[in-house]
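What follows is each chain in one-letter form.
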Amino acid sequence: MNNYLEVRNLSKSFEGFRLHDITFTLPKGYIMGLIGPNGSGKTTTIKLILNMLKRTGGEVKVLGFDNIADEQEAKRNSGVVFDSSYFSDEWKISQVEKSVSAFYENWDTQKFSEILEKFHIQPSKKVKELSKGMQMKLMLACAFSYDAKLLILDEPTSGLDPVSRDELLHILSEYIEDGGHSVLFSTHITEDLERAADYITYISYGELFFSGRKDEFVDSFRIVKGGCEELSAELRKKMTGIRIFSTGFEALVKTGDLKQFAHLNVEPASIDDIVVFTGRKGGQYE
Amino acid sequence: MNNIWKAVKLDFSLVKPYVKTICFTMILPVVFVVVNRSLLTGISFAMCFTAMTTGYTFSITEKNSMERLYGILPIRKSDMVIGRYIFIIIMGLTALIFSLAVHPVILTILGETISKFDFINAAAIGIFLFALYTVFQLPGYYKLGSIKGRVFMYIPVAGFLITLLLITKIPVSESRLLLTVINSPVLLMLSAVIFVAAMYTVSILVSIKILKNKEM
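Read top to bottom, the protein sequences are chains V and Z.
The opening position of the first sequence corresponds to residue 1 in this note's numbering, with each subsequent residue numbered one higher.
The opening position of the second sequence corresponds to residue 1 in this note's numbering, with each subsequent residue numbered one higher.
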């Protein structure tokens, strides 16, 4: 099996929001960043993958299993980390293990203890006594203890300090090192993806904007800068997004259209630039 | 270990930190036994109070956003529901056994005589009342959650009062079938078990349907 996650034409309608025709695949051994502004549909996509929401269309395969028809098989080797703990606050860490381990045949108690030690989590502590970063590590420790092949993380870095974020990214990089694990990682902190992600899936206003290799994504756009007198109506039409200042402008353009902007200052675009410029409806702000 | 039993164990670990509170609800009816000097009253109150604690699992799940944990575990929704019903039935049976062990001792100390028939009668009615309360409560909690569904918590109280009212209105002496059942401990117990099993089956099916259609 080459793809650990296959999402095809996934759709979901709510009142006032529609996730439409989302298609992407996550190959084995890679980290994919699922990005988009707040409310773009990242969490909805993840909940649909986990069958926590009912899809209105499309198909999802997790580790080769249909996420609805073969739900148990799909979840048996998947681990999930949300932005906050899903364990009882009153549970001690040892109770977390007792409660969760029974559901996974390949749970390794020795491994769980080792990971707790590595993450500096004391088994005698209660979940409510752990910091947000530690709670996130506890969810990861559980997923690692049954050797989850696919790890799905929903905004794990939101609310974490830079040190904890750095630690998480390091843990994820180690996790995929053997080539047998994959990570789907939703975030709006694109800085994290610059470091960790191999693939990007970008959802904007419920629509798929891009899905593919991160380098290809970043390479397909450039930032151009110039003075106000250099900005013609014809050029504006070719721009994906533009920001106008009193002294000049900067704009996001497609690399393929770069010839027409050769007279301007051209800079590489960051993931953040692409999200900021494309995330605004109309793509312009002055 | 099958998934239903795993779900029962998970529910037990949810309420474990609150065991003292639940135990208190089992002890409280002793006061009613002392005041009313009736085994039936004591058992009825015990089952009513225990039924009111069945919302704990839902409240704890909601308070800790644990529906997400239930959503990611490799277990069928139907197994989760059956597991929760079994856990709640175990809670009810524990309360019943405790009450049947303690209340007759207290009554005997107070000088009351408890016959074997009183004992079986109280047990059958206790099982029936607990089932009557919980078969309505649990689908309510699944549908509305522990906060909005709190209204279903009062069903045991209303149900208890209605039961007391109806018992006095039923013309037992005119119904030969009812008389036969009431006067035979075996038939009384059997009828209670069949009726309770039927009620739980319907309630479980409704709860499974609700959970399957619920978005987390």
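Incorrect hints may appear among the rest.
[What the hints assert, rightly or not] Short, incomplete list of chain V residues facing chain Z, as computed with Cβ under 7 Å: (1) 82; (2) 88; (3) 94; (4) 102; (5) 103; (6) 105; (7) 106; (8) 108.
Keep in mind that the hints were calculated from the coordinates and are not lab data.
By construction, the Cβ of each residue, glycine as well, lies at the ideal position given by its N, Cα and C atoms.
### Ascending list of hint numbers which this structure does not respect
Violated: hints 3, 6, 7, 8.
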